[in-house]
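Colleague: Once you've looked at the hints, dock chain B against the given chain A.
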Amino acid sequence: SQQGEEDPQALSIQEGENATMNCSYKTSINNLQWYRQNSGRGLVHLILIRSNEREKHSGRLRVTLDTSKKSSSLLITASRAADTASYFCATFPSGGSNYKLTFGKGTLLTVNP
Amino acid sequence: NAGVMQNPRHLVRRRGQEARLRCSPMKGHSHVYWYRQLPEEGLKFMVYLQKENIIDESGMPKERFSAEFPKEGPSILRIQQVVRGDSAAYFCASSPRSGTGDYEQYFGPGTRLTVT
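If you read the sequences in order, they're chains A and B. Letter by letter, the first sequence follows residues 16 to 128 of my numbering. Letter by letter, the second sequence follows residues 1000 to 1115 of my numbering.
Heads up, a few of these hints could be off.
Example chain B residues on the side facing chain A (calculated, C-beta under 7 Å, incomplete) [claimed, not checked]:
(1) Phe1044
(2) Glu1051
(3) Phe1064
(4) Pro1108
Hints in this document: simulated from the structure, not taken from any laboratory. All C-beta atoms, glycine included, are put in the ideal place defined by N, C-alpha and C.
Here chain A stands alone, though its shape is the one from the complex:
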């Protein structure tokens, strides 16, 4: 089964609204990271949250982590059309192989002007 699965698979909202994406994972982790990928482009690192942290903020981004439920959420507030992209969560496993990022399939976010 796949580590790091996001839901929803696709999300369409209006500019100014908030967008929430969720990620679940299966094994113990060192940290969880969120990336953004614009269509046909590379990945941009957004935020990293450690396994001993519960919440983290960066600008309009808010990430939560619940290790008991093995889940994380990414909230983008006051969305803009430029936020349209695919968002991926990725995890580093705890214990060994702490270089092998495991990605989910991503959430495609569309922000309509």
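Modeller: Just chain B now, with coordinates in the frame of chain A:
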């Protein structure tokens, strides 16, 4: 400081040909990772290299695929005798350190391989 550079950005090969993908890590980074992204999928780890060493190639198909990171020059991902199923986006990432603690892998723009 230039980011991770990959070339070519797009590569078209006929079945049976060889594909060579290049990755220049960020300055000062000695750890390189290759990932593959199939259509509608997330990225999948392929291989982790340090200068002149393959550390972990567990995600790379055992046949036709090879990777190197020489002392001088870029890292190369080589796919011999390509098949249609190799069509994907191949991403390279680099980091100044690895293995322990929290660190970020910096990704390049990717090479989109199309096999016809």
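Colleague: Decide, hint by hint, whether the structure agrees.
Modeller: Quick rundown of the hints versus the structure:
| no. | hint | verdict |
| --- | --- | --- |
| 1 | Phe1044 | holds (5 Å) |
| 2 | Glu1051 | violated (17 Å) |
| 3 | Phe1064 | violated (17 Å) |
| 4 | Pro1108 | holds (4 Å) |
In summary, the structure is inconsistent with hints 2, 3 from the numbered list given earlier, while agreeing with the others.
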